[in-house]
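Number of protein chains: 2
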Amino acid sequence: MSKSITIFDTTLRDGTQGEGISLSADDKLKIAKKLDDLGVHYIEGGIPGSNMKDIEFFNRVKDLRLNAKITAFGSTRRKNSLAEQDDNLQRMLAAGVPAATLVGKSWDFHVHTALQTTLEENLAMIGDSIAFLKSKGLEVIFDAEHFFDGYKNNPEYAAAVMARAREAGADWLVMCDTNGGTLPHEIQDIVTSLTQRIPGAHFGIHTHNDCELAVANALSAIQAGARQVQGTINGYGERCGNANLCSIIPTLQLKMGYSCIPEESLPQLTNTARYVSEVANVNMPVNQPYVGSAAFAHKGGIHVSAILRDSRTYEHIAPELVGNKQRVLVSELAGQSNVLSKAQEMGLNLDPSSEQARKVIDKIKDLEHQGYQFEGADASLELLLREATGEMNELFTFESFKMLVEKSAGKPVVSEAFVKLKVGGETLYTAGEGNGPVNALDNALRKALLAHFPQLKDMHLSDYKVRVLDEKDQTAAKVRVLIESKDYSDTWSTVGMSTNVIEASWEALVDSMRYALLGQISPENTDLLDVGQRGLVNH
Amino acid sequence: MSKSITIFDTTLRDGTQGEGISLSADDKLKIAKKLDDLGVHYIEGGIPGSNMKDIEFFNRVKDLRLNAKITAFGSTRRKNSLAEQDDNLQRMLAAGVPAATLVGKSWDFHVHTALQTTLEENLAMIGDSIAFLKSKGLEVIFDAEHFFDGYKNNPEYAAAVMARAREAGADWLVMCDTNGGTLPHEIQDIVTSLTQRIPGAHFGIHTHNDCELAVANALSAIQAGARQVQGTINGYGERCGNANLCSIIPTLQLKMGYSCIPEESLPQLTNTARYVSEVANVNMPVNQPYVGSAAFAHKGGIHVSAILRDSRTYEHIAPELVGNKQRVLVSELAGQSNVLSKAQEMGLNLDPSSEQARKVIDKIKDLEHQGYQFEGADASLELLLREATGEMNELFTFESFKMLVEKSAGKPVVSEAFVKLKVGGETLYTAGEGNGPVNALDNALRKALLAHFPQLKDMHLSDYKVRVLDEKDQTAAKVRVLIESKDYSDTWSTVGMSTNVIEASWEALVDSMRYALLGQISPENTDLLDVGQRGLVNH
Numbered sequence: 385m386s387k388s389i390t391i392f393d394t395t396l397r398d399g400t401q402g403e404g405i406s407l408s409a410d411d412k413l414k415i416a417k418k419l420d421d422l423g424v425h426y427i428e429g430g431i432p433g434s435n436m437k438d439i440e441f442f443n444r445v446k447d448l449r450l451n452a453k454i455t456a457f458g459s460t461r462r463k464n465s466l467a468e469q470d471d472n473l474q475r476m477l478a479a480g481v482p483a484a485t486l487v488g489k490s491w492d493f494h495v496h497t498a499l500q501t502t503l504e505e506n507l508a509m510i511g512d513s514i515a516f517l518k519s520k521g522l523e524v525i526f527d528a529e530h531f532f533d534g535y536k537n538n539p540e541y542a543a544a545v546m547a548r549a550r551e552a553g554a555d556w557l558v559m560c561d562t563n564g565g566t567l568p569h570e571i572q573d574i575v576t577s578l579t580q581r582i583p584g585a586h587f588g589i590h591t592h593n594d595c596e597l598a599v600a601n602a603l604s605a606i607q608a609g610a611r612q613v614q615g616t617i618n619g620y621g622e623r624c625g626n627a628n629l630c631s632i633i634p635t636l637q638l639k640m641g642y643s644c645i646p647e648e649s650l651p652q653l654t655n656t657a658r659y660v661s662e663v664a665n666v667n668m669p670v671n672q673p674y675v676g677s678a679a680f681a682h683k684g685g686i687h688v689s690a691i692l693r694d695s696r697t698y699e700h701i702a703p704e705l706v707g708n709k710q711r712v713l714v715s716e717l718a719g720q721s722n723v724l725s726k727a728q729e730m731g732l733n734l735d736p737s738s739e740q741a742r743k744v745i746d747k748i749k750d751l752e753h754q755g756y757q758f759e760g761a762d763a764s765l766e767l768l769l770r771e772a773t774g775e776m777n778e779l780f781t782f783e784s785f786k787m788l789v790e791k792s793a794g795k796p797v798v799s800e801a802f803v804k805l806k807v808g809g810e811t812l813y814t815a816g817e818g819n820g821p822v823n824a825l826d827n828a829l830r831k832a833l834l835a836h837f838p839q840l841k842d843m844h845l846s847d848y849k850v851r852v853l854d855e856k857d858q859t860a861a862k863v864r865v866l867i868e869s870k871d872y873s874d875t876w877s878t879v880g881m882s883t884n885v886i887e888a889s890w891e892a893l894v895d896s897m898r899y900a901l902l903g904q905i906s907p908e909n910t911d912l913l914d915v916g917q918r919g920l921v922n923h
Numbered sequence: 385m386s387k388s389i390t391i392f393d394t395t396l397r398d399g400t401q402g403e404g405i406s407l408s409a410d411d412k413l414k415i416a417k418k419l420d421d422l423g424v425h426y427i428e429g430g431i432p433g434s435n436m437k438d439i440e441f442f443n444r445v446k447d448l449r450l451n452a453k454i455t456a457f458g459s460t461r462r463k464n465s466l467a468e469q470d471d472n473l474q475r476m477l478a479a480g481v482p483a484a485t486l487v488g489k490s491w492d493f494h495v496h497t498a499l500q501t502t503l504e505e506n507l508a509m510i511g512d513s514i515a516f517l518k519s520k521g522l523e524v525i526f527d528a529e530h531f532f533d534g535y536k537n538n539p540e541y542a543a544a545v546m547a548r549a550r551e552a553g554a555d556w557l558v559m560c561d562t563n564g565g566t567l568p569h570e571i572q573d574i575v576t577s578l579t580q581r582i583p584g585a586h587f588g589i590h591t592h593n594d595c596e597l598a599v600a601n602a603l604s605a606i607q608a609g610a611r612q613v614q615g616t617i618n619g620y621g622e623r624c625g626n627a628n629l630c631s632i633i634p635t636l637q638l639k640m641g642y643s644c645i646p647e648e649s650l651p652q653l654t655n656t657a658r659y660v661s662e663v664a665n666v667n668m669p670v671n672q673p674y675v676g677s678a679a680f681a682h683k684g685g686i687h688v689s690a691i692l693r694d695s696r697t698y699e700h701i702a703p704e705l706v707g708n709k710q711r712v713l714v715s716e717l718a719g720q721s722n723v724l725s726k727a728q729e730m731g732l733n734l735d736p737s738s739e740q741a742r743k744v745i746d747k748i749k750d751l752e753h754q755g756y757q758f759e760g761a762d763a764s765l766e767l768l769l770r771e772a773t774g775e776m777n778e779l780f781t782f783e784s785f786k787m788l789v790e791k792s793a794g795k796p797v798v799s800e801a802f803v804k805l806k807v808g809g810e811t812l813y814t815a816g817e818g819n820g821p822v823n824a825l826d827n828a829l830r831k832a833l834l835a836h837f838p839q840l841k842d843m844h845l846s847d848y849k850v851r852v853l854d855e856k857d858q859t860a861a862k863v864r865v866l867i868e869s870k871d872y873s874d875t876w877s878t879v880g881m882s883t884n885v886i887e888a889s890w891e892a893l894v895d896s897m898r899y900a901l902l903g904q905i906s907p908e909n910t911d912l913l914d915v916g917q918r919g920l921v922n923h
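Just so you know, the protein sequences line up as chains A and B, in that order.
The first sequence begins at 385 in our numbering and counts up one residue at a time.
The second sequence begins at 385 in our numbering and counts up one residue at a time.
Treat the hints with care, as some may be off.
The list treats identical chains as one, so a pair stands whether inside a single copy or across any two.
Stated by the list, open to error - Below, a list of computed lysine to any residue pairs in the SDA-like style, where the Cα atoms sit at most 20 Å apart:
| # | residue 1 | residue 2 |
| --- | --- | --- |
| 1 | K786 | E817 |
| 2 | K520 | E699 |
| 3 | K709 | R696 |
| 4 | K849 | Y756 |
| 5 | K795 | Y813 |
| 6 | K862 | Q580 |
| 7 | K437 | I686 |
| 8 | K437 | K749 |
| 9 | K795 | T773 |
| 10 | K387 | V670 |
| 11 | K437 | Y756 |
| 12 | K862 | G794 |
Because the hints were derived from the structure by calculation, they are not lab data.
From just these sequences and the hints, can you work out the full model?
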């Protein structure tokens, strides 16, 4: 049997049904381009029958001239009506896409309860709708909703649904574990059974993660004969999410001998995952398999000693294969190895046996104990190590800041900041306004620094995270701020800590500029449009 | 074969090797008590050989008189030395625990590269160490590190390691997929093979999530004969984490006919997961299977219509079985069903066909489009719906606030807030100080309100999240603040949005008090120690 697997990406449709995910048409176009670069075969763009944003997407995506086939998603015709006159189906045609995904009921319980119609009418709805779209020249992917629950309950009917879809011309018969409750061995049995009942058809699998088995279920289906996998980047989707393509693709390709995307594209996986999470504006869990920032991050002292000798001791694959990288974490579990490895990574002269090394390791552990987290703030860690090795050149000295926010009912809020620094022998006192306190401080700080350091003009704040640390009294609790800064080619993160969110933000802001002034930053790539090229790999 | 599965929880040991997780001895004791209430069989508390916090834990945990067996983790004796003289082993004894988990190498590659010793010496290290601890009356769980990689590479040696452990008296032989790269069918084959080679032994499985298969691998091992599962709450652990017990336990117990924890304890699962994430101070992904706040959250209009008719249409189990609950999400994908269902849930009179309903649905969609997210802020949503239905009683009116933060080099930061409100006909102008701007505003606001509304005294801010929304210019971007407030029995969340983080925080703070003043809150449970009882189920 063929070892080629078709990758069907539904990030832009099923993915948007996850809590906290909402994509504009622009967002979808950016993501579609990225998915196409990765090499997925189908990109399901949305539901033209119910979403104006999606109609806009389908219109504009044609101009991108993507290799992937764009598909529109929709239901079979309404009961007791004609396919030709069905609004949904008409809108799917109007979307002008080469392929359509039709979802139809395959669980008798749903036919009775949700559709409130007969088993026979449901078969007709499926047959008619597929035949109609096929007659208009579209490729049709039939998604049999709740297929596994349906097959367990009434295997004859579920199989009849698939048979009808095939007769009507469906190009793919996709078995969906819509409620996410099926187990891998059940998937294996049912897929094997169906492929025997309908030999020669092209089968697909669409799983959900309600038991944390979406990936395992998809792999099980493929081993039993399915050749299309439907999933999403980062596993976004309704409830617990869809099958995570970022886990499935590398597992199939690197461990199971299948081919999904071009081999040379696999290293784009991590970058793609992060890009999509940025556009979707959701945090990517650090521990996400393959592509998470902690996927190859080693913390325990024993692990670190071993991987510094040979990465295969604690890594199941080389991170570069998926575009990720190994990281050594510095924490209170850290041995000397972790800190020294970091110093070496940064090109600093830290003699492992020196008093200097011992002191900075103690200082780091102490700061971590106070709540600093250098794991996500490599630039602040580097500044600390440079202070320890004497390789730090302070180009400005902080004197004071004042920050004022005023708001009256019915009037816009006003934020002003006043910053006093010393550069060389000169005292600079600047005032800045902004849309918020951090913006005002940033503006005042830049005014003070830019005159002397014009290289700072291309850097900007690209992400700002706040975390409150202690539980007992939350408005008097320690606050940790992580700032991510970017310029054309680099990304760097700094941390600040205080019970005062403004002071913590100030600390992280100042560190971001001290780091920029180290001379590590050089203006290079002027492509402002593609976030993906702007140093995400460094994060 | 028995259907009882032994649950071995290593949240407090392997779990702490995950990035961003750091637990004090106090944290560990709180969590241990919670795990014991849930009914796990073993609680691995830490590594007495290398961690002072853990020695403190082992001393103090005895006073809790838990049902679960506490175990200490450590390595086999060092090469070319005597077990009796090994520091690690001595500290494991000194921990005074009834059971010890000994980790030993079972992959010849590791014996040569990491330990730099001979295969025979490694076997002796394992045999000696186990025999030594057994002679001191301990139960011994042997963790064969990298077992599956070891077995694939050199099955005779890996099996010999297990045989030696058994001969020396190990009570459990645990196969660890330490690098997380093994596949479910390989697990099945290898576990089956080993159980045939060493019949009658008690086998365990310890998996990692580097391919997103930790849960599937654990289930596969159990189906092949393993009877102990090692994992962590919420899947915390090194790199991509350990096997997630919150996914394994309900799957084994509700779907596969095994028994792990007492049936009446299973509904505590969600509360346990959230409690542990709070103590560990890490966000729980909303889409976590079974226990995530979105695990049974329905967003698409079609899904919502169907589940309002019958939950089984889109839920694989009843959420209450694991202590979770169904939620209907309001978003731009929402149909009328979502909003109306929420209104009904809140006990409000919103006539579905009314102009009122149409207006508030439009308003919600518009606010969501601006960036408000009511999904995580039920209290703000309720206030909005109440405004629409005229069931909102505003007890105070906002006039103005000023907020000032000052910092000079070498001096502590100062935050002051000045708040002007009207209550009844009376203007109240208060000043507050704080450890930060939100704390200062909170204090000034409370001073103004408490005189008239003493019922606010028991509420406090329990979580504070900030998210920056637009990418282009991050310090002038929209900021969304989510505040979680608590009193003795309830938890409620409110949202604020602005380009100004102070104004956004103010909005969320004011909403939290408006909500508290609705009279929904009643002081009940005065047990301050157990966070778990304080309304977490409501979140």
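Each hint tested on the structure:
1. K786 - E817: Both: 12 Å inside a copy, 15 Å across copies.
2. K520 - E699: The answer is neither: 51 Å in one copy and 36 Å across copies each exceed 20 Å.
3. K709 - R696: within (13 Å within a copy, 43 Å between copies)
4. K849 - Y756: both (13 Å within a copy, 17 Å between copies)
5. K795 - Y813: Answer is between; shortest inter-copy Cα gap is 18 Å, intra-copy 28 Å.
6. K862 - Q580: neither (62 Å within a copy, 55 Å between copies)
7. K437 - I686: between (52 Å within a copy, 18 Å between copies)
8. K437 - K749: between (50 Å within a copy, 14 Å between copies)
9. K795 - T773: neither (51 Å within a copy, 27 Å between copies)
10. K387 - V670: Close neither inside one copy (32 Å) nor across copies (35 Å); limit 20 Å.
11. K437 - Y756: between (42 Å within a copy, 19 Å between copies)
12. K862 - G794: between (33 Å within a copy, 19 Å between copies)
Checked against the numbered hints given earlier, the structure breaks hints 2, 6, 9 and 10 and satisfies all the rest.
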